[in-house]
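Please take these sequences and the hints and turn them into a complete structure.
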Amino acid sequence: MEKINKLSTTAVPLAMEDIDTDQIIPSRFLKAISRAGFGDNLFRDWRYDKADKPIPSFILNNPLYNGEILIAGRNFGCGSSREHAAWALVDYGFKIVVSSFFADIFKGNALNNGILPITVSETNLQALLKIVNLNPKAIFEVDLAAQNFCYKEALKINFEIDAYKKECLLNGYDDIDYLLSIKQDIVAYESL
Amino acid sequence: MAKTMFDKVWDAHVVKEITGGKQVIYIDQHFIHEVTSPQAFDGLRKRGIEVFRKDKTVATADHNVPTINQHLPIKEELSRKQVDTLIKNCKDFDIELYGLGHKNQGIVHVIGPELGITQPGMTIVCGDSHTSTHGAFGNIAFGIGTSQVEQVLSTQCLILGKPKKMRIKVTGKVEKGVTAKDIILHIISKMTVGGCTGYFIEYAGEAITNLSMEGRMTVCNMSIEMGARGGMIAPDEKTIAHLKDKKNAPKGEAFEKATEKWLALTTDEAAKFDKEITFNASDIQPMITYGTNPGMGISINQTIPISTSDSQTKSLNYMAFKQGEKMEGKQIQHVFIGSCTNSRIEDLRLVANFVKGKQKAKHVKVMVVPGSKSVELTARAEGLDKIFEAAGFELRQAGCSACLGMNEDKIPAGEYCISTSNRNFEGRQGQGARTILASPLMAAAAAIEGKIVDVRAYLN
Numbered sequence: 001m002e003k004i005n006k007l008s009t010t011a012v013p014l015a016m017e018d019i020d021t022d023q024i025i026p027s028r029f030l031k032a033i034s035r036a037g038f039g040d041n042l043f044r045d046w047r048y049d050k051a052d053k054p055i056p057s058f059i060l061n062n063p064l065y066n067g068e069i070l071i072a073g074r075n076f077g078c079g080s081s082r083e084h085a086a087w088a089l090v091d092y093g094f095k096i097v098v099s100s101f102f103a104d105i106f107k108g109n110a111l112n113n114g115i116l117p118i119t120v121s122e123t124n125l126q127a128l129l130k131i132v133n134l135n136p137k138a139i140f141e142v143d144l145a146a147q148n149f150c151y152k153e154a155l156k157i158n159f160e161i162d163a164y165k166k167e168c169l170l171n172g173y174d175d176i177d178y179l180l181s182i183k184q185d186i187v188a189y190e191s192l
Numbered sequence: 001m002a003k004t005m006f007d008k009v010w011d012a013h014v015v016k017e018i019t020g021g022k023q024v025i026y027i028d029q030h031f032i033h034e035v036t037s038p039q040a041f042d043g044l045r046k047r048g049i050e051v052f053r054k055d056k057t058v059a060t061a062d063h064n065v066p067t068i069n070q071h072l073p074i075k076e077e078l079s080r081k082q083v084d085t086l087i088k089n090c091k092d093f094d095i096e097l098y099g100l101g102h103k104n105q106g107i108v109h110v111i112g113p114e115l116g117i118t119q120p121g122m123t124i125v126c127g128d129s130h131t132s133t134h135g136a137f138g139n140i141a142f143g144i145g146t147s148q149v150e151q152v153l154s155t156q157c158l159i160l161g162k163p164k165k166m167r168i169k170v171t172g173k174v175e176k177g178v179t180a181k182d183i184i185l186h187i188i189s190k191m192t193v194g195g196c197t198g199y200f201i202e203y204a205g206e207a208i209t210n211l212s213m214e215g216r217m218t219v220c221n222m223s224i225e226m227g228a229r230g231g232m233i234a235p236d237e238k239t240i241a242h243l244k245d246k247k248n249a250p251k252g253e254a255f256e257k258a259t260e261k262w263l264a265l266t267t268d269e270a271a272k273f274d275k276e277i278t279f280n281a282s283d284i285q286p287m288i289t290y291g292t293n294p295g296m297g298i299s300i301n302q303t304i305p306i307s308t309s310d311s312q313t314k315s316l317n318y319m320a321f322k323q324g325e326k327m328e329g330k331q332i333q334h335v336f337i338g339s340c341t342n343s344r345i346e347d348l349r350l351v352a353n354f355v356k357g358k359q360k361a362k363h364v365k366v367m368v369v370p371g372s373k374s375v376e377l378t379a380r381a382e383g384l385d386k387i388f389e390a391a392g393f394e395l396r397q398a399g400c401s402a403c404l405g406m407n408e409d410k411i412p413a414g415e416y417c418i419s420t421s422n423r424n425f426e427g428r429q430g431q432g433a434r435t436i437l438a439s440p441l442m443a444a445a446a447a448i449e450g451k452i453v454d455v456r457a458y459l460n
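As you go down the protein sequences, you meet chains A and B in turn. One point on numbering: in the numbering used here, the residue at position 9 of the first sequence is 9, and numbering is uninterrupted. One point on numbering: in the numbering used here, the residue at position 199 of the second sequence is 199, and numbering is uninterrupted.
No lab work stands behind these hints, which were simulated from the structure alone. Note that the coordinates shown come from a computational prediction; the quantities given were computed from them, not determined experimentally. Some clues are possibly wrong.
[What the hints assert, rightly or not] According to the in silico footprint, chain B covers these stretches of chain A (three or more CB under 8 Å from chain B):
#	region
1	19 to 26
2	50 to 61
3	165 to 176
4	184 to 192
[What the hints assert, rightly or not] Straight-line Cα separation of at most 25 Å, SDA-like style, residue types lysine to any residue; simulated pairs:
#	chain 1	residue 1	chain 2	residue 2
5	B	K451	B	A320
6	B	K314	A	N62
7	B	K56	A	D174
8	A	K130	B	G414
9	A	K53	B	G414
10	B	K8	A	V187
11	A	K31	B	G43
12	B	K314	A	L169
13	A	K95	B	G43
For each residue, glycine too, the CB sits at the ideal point set by N, CA and C.
Rendered as C-alpha cells:
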C-alpha cells in the first residue's frame with residue numbers, strides 16, 4: 001500500500017448525495033480477477049453514454065477540473081461492499097475523498113487501499129464545494145500527520161482519524177501485516 | 001453489567017484490544033463467492049501463505065452465474081473465467097466449494113442458513129453487504145471488502161471498531177397483505193438510506209418475533225440499506241426449530257446443549273442502547289419504492305413526495321416519475337422474484353399461491369429465480385413450477401441474477417421492473433433499467449395486472 005502524508009492538489013467537486021458504489025463502479029465491470037484497470041470505468045454510466053461517448057456535463061469530463069481530491073455529497077459510498085469502488089478511485093488517481101458522511105464499508109475499503117476519507121461538517125463541505133466551483137484551480141493542502149486540511153488562510157479544517165489507521169496510512173502498512181504478527185494470540189484465543 | 005445481545009456476541013469474540021479503540025475480532029464463519037475473492041487469494045499467493053482455517057470457510061458461485069442451462073459451460077468469457085478462478089482457488093487452497101451443479105449451490109446468504117452453517121452467537125462475514133441476512137439467527141454478520149476477505153482467509157480475524165447499538169422495535173400485528181419486506185421497506189423509508197450508519201441493529205417487538213425465520217432473514221438482509229453494518233434478532237423456539245436436523249447443525253445431545261446456549265442470547269432487561277426507535281405495525285402498509293435508493297419508498301396509497309434536493313430531482317428524472325404522483329397504476333414491463341432478500345421457498349410458495357389459476361399480463365416478462373438449488377428442487381417437488389408455467393412465469397435456476405445484473409439477466413434501458421430484490425440504484429438491474437422494490441406479493445399482483453396495484457384488493 002502506498003504511503004500518504006502531505007498532499008498539495010486541486011479537487012474535483014461532485015455534490016450529489018448518497019452516491020452508491022454501483023455508480024462508482026457498475027456491476028458489469030466486476031468480472032475482473034485483478035485489482036488493476038478499474039479507473040477507466042469509474043462513474044462509468046455518469047461519465048459515458050450508451051455509445052461510450054463522454055457526457056460533457058459530468059464533472060470528470062470537464063477539462064477545468066482535475067486533481068487528487070474528490071469532494072462529494074453526504075453518505076458517499078453507500079450500498080454494495082465492492083472494494084472495486086476504492087480500486088477504481090485509486091486507479092483513476094484520487095488519493096483523498098472528502099464528504100460530510102461516509103458509508104462504513106466504503107470507508108474501510110478506502111483506508112485499506114491508501115485512500116484517505118476525510119469527514120468534514122456539512123457547513124465545511126458546502127464551503128469547500130463553493131471554493132472549487134468558483135476556482136477550479138484552487139490548491140488544497142492536506143497534512144495527515146497534523147490531521148488538517150487547508151485552503152490558503154481562508155479555511156482550515158481539523159479532521160479525525162483513528163490512531164491505528166493513521167499509523168497504517170503514514171507507513172503504508174496494512175491490517176494483514178499486523179494480524180499475521182499476532183498469530184499466537186489468535187491461536188491462544190481459539191483454545192479458550 | 002447488563003449487556004445487549006450484540007454485546008454478548010461481540011465481547012465473546014475479542015481476541016485483543018489495540019490502539020485507537022480498535023479490537024481484533026475472531027470470525028467463526030467465512031463465506032466466499034467468485035466476485036469479491038480472486039484478488040484476496042492472489043494476496044495469499046503473493047505472501048506465500050495458506051488459508052488459516054479452511055474448516056471455517058465455505059464457497060459458492062452465485063453472483064455471476066447463468067440461471068438457465070447451468071449444466072453447460074458459461075458462455076460469457078469473463079464470467080466463465082471468474083467462476084473458473086473460484087474453482088481453482090478452492091482447489092489450490094483446499095476450501096469446500098458448492099459450485100454450479102452441486103446440490104448445495106445457491107446464493108451465499110440463502111445456503112448458509114439452509115445448511116445450518118449459520119448458527120446463533122456466531123460472527124459471520126462475506127465479501128457481500130447482504131451478509132447481514134444471517135443476523136436473523138442472532139449473529140453478528142456483516143459484509144466486508146476484498147482486503148478484509150484476505151485478512152480473514154489468512155488469520156480468521158478482522159480489526160474493527162465496535163459499532164454503536166440501536167434497537168428497532170416493531171410493536172403490534174401487521175394486517176393481511178403486509179409482509180416482512182414491507183416492514184423493512186417501511187423502516188428504511190423512515191430511517192433513510194444513511195440513517196443507521198455506524199450502528200448495529202437489534203430488531204425486536206411482536207411484529208418481528210411473529211415473522212418466520214425466512215421473514216426475519218428478509219428484514220435483517222436489508223439492514224445495510226439504511227447504512228447499518230448489520231441487524232440481528234434474538235434466537236427463540238422458531239430459530240431452534242429451523243436449525244434442528246440441518247446438515248451442519250449439531251446433532252443429538254450436542255444440539256440440546258447448543259440450544260441452551262443459543263436461547264440465552266437475549267438482551268438483558270437493563271441493557272442500554274445508543275438509540276431506540278419504535279414503529280407500530282398497524283402503520284405499515286404494502287410498500288413500493290419510487291426513486292433510486294431503498295430509502296425512497298412509500299406506502300402504496302401515498303404519493304411521491306416533493307423533492308427537496310438536486311439528488312432527489314435527479315432520481316425522479318431517472319425513473320421518469322413526478323413528485324405528487326401515485327405509484328398505483330404505473331405500468332411495468334418486468335417482474336423479478338428472487339435475490340437474497342426474497343428467494344426462499346416461502347417466498348416462492350407465497351407467489352405461487354397468489355398466482356394459481358391466474359395469468360400474467362401479456363406485455364410483462366416474469367422471472368422467478370430461486371435462492372438455491374435446494375429451493376428450486378423443493379419448488380418443483382411441490383408442483384410450484386407447474387403453477388408458474390401456467391401463469392406465464394419463468395422458473396429459472398439459482399443465483400443472484402437480475403438483482404445486480406452481472407449475468408445476462410438484465411432489464412433493458414428505460415424499462416420498469418418491479419423487483420423483490422434490495423436495491424433500486426441507477427443501473428442496478430442493467431444500464432438505464434428502472435427498478436421498483438416491493439414484496440413478493442406486490443410483485444406477483446403487478447405481474448398479473450401489468451401495472452402496480454395494491455395487493456390487498458386481491459386478497460380475500
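Right, here's what the structure says about each hint:
no.	hint	result
1	19 to 26	holds (count 4)
2	50 to 61	violated (count 1)
3	165 to 176	holds (count 6)
4	184 to 192	holds (count 4)
5	K451(B) / A320(B)	holds (15 Å)
6	K314(B) / N62(A)	holds (19 Å)
7	K56(B) / D174(A)	holds (23 Å)
8	K130(A) / G414(B)	violated (34 Å)
9	K53(A) / G414(B)	holds (19 Å)
10	K8(B) / V187(A)	holds (21 Å)
11	K31(A) / G43(B)	holds (18 Å)
12	K314(B) / L169(A)	violated (36 Å)
13	K95(A) / G43(B)	holds (22 Å)
In this structure, the hints that do not hold are numbers 2, 8 and 12, in rising order.
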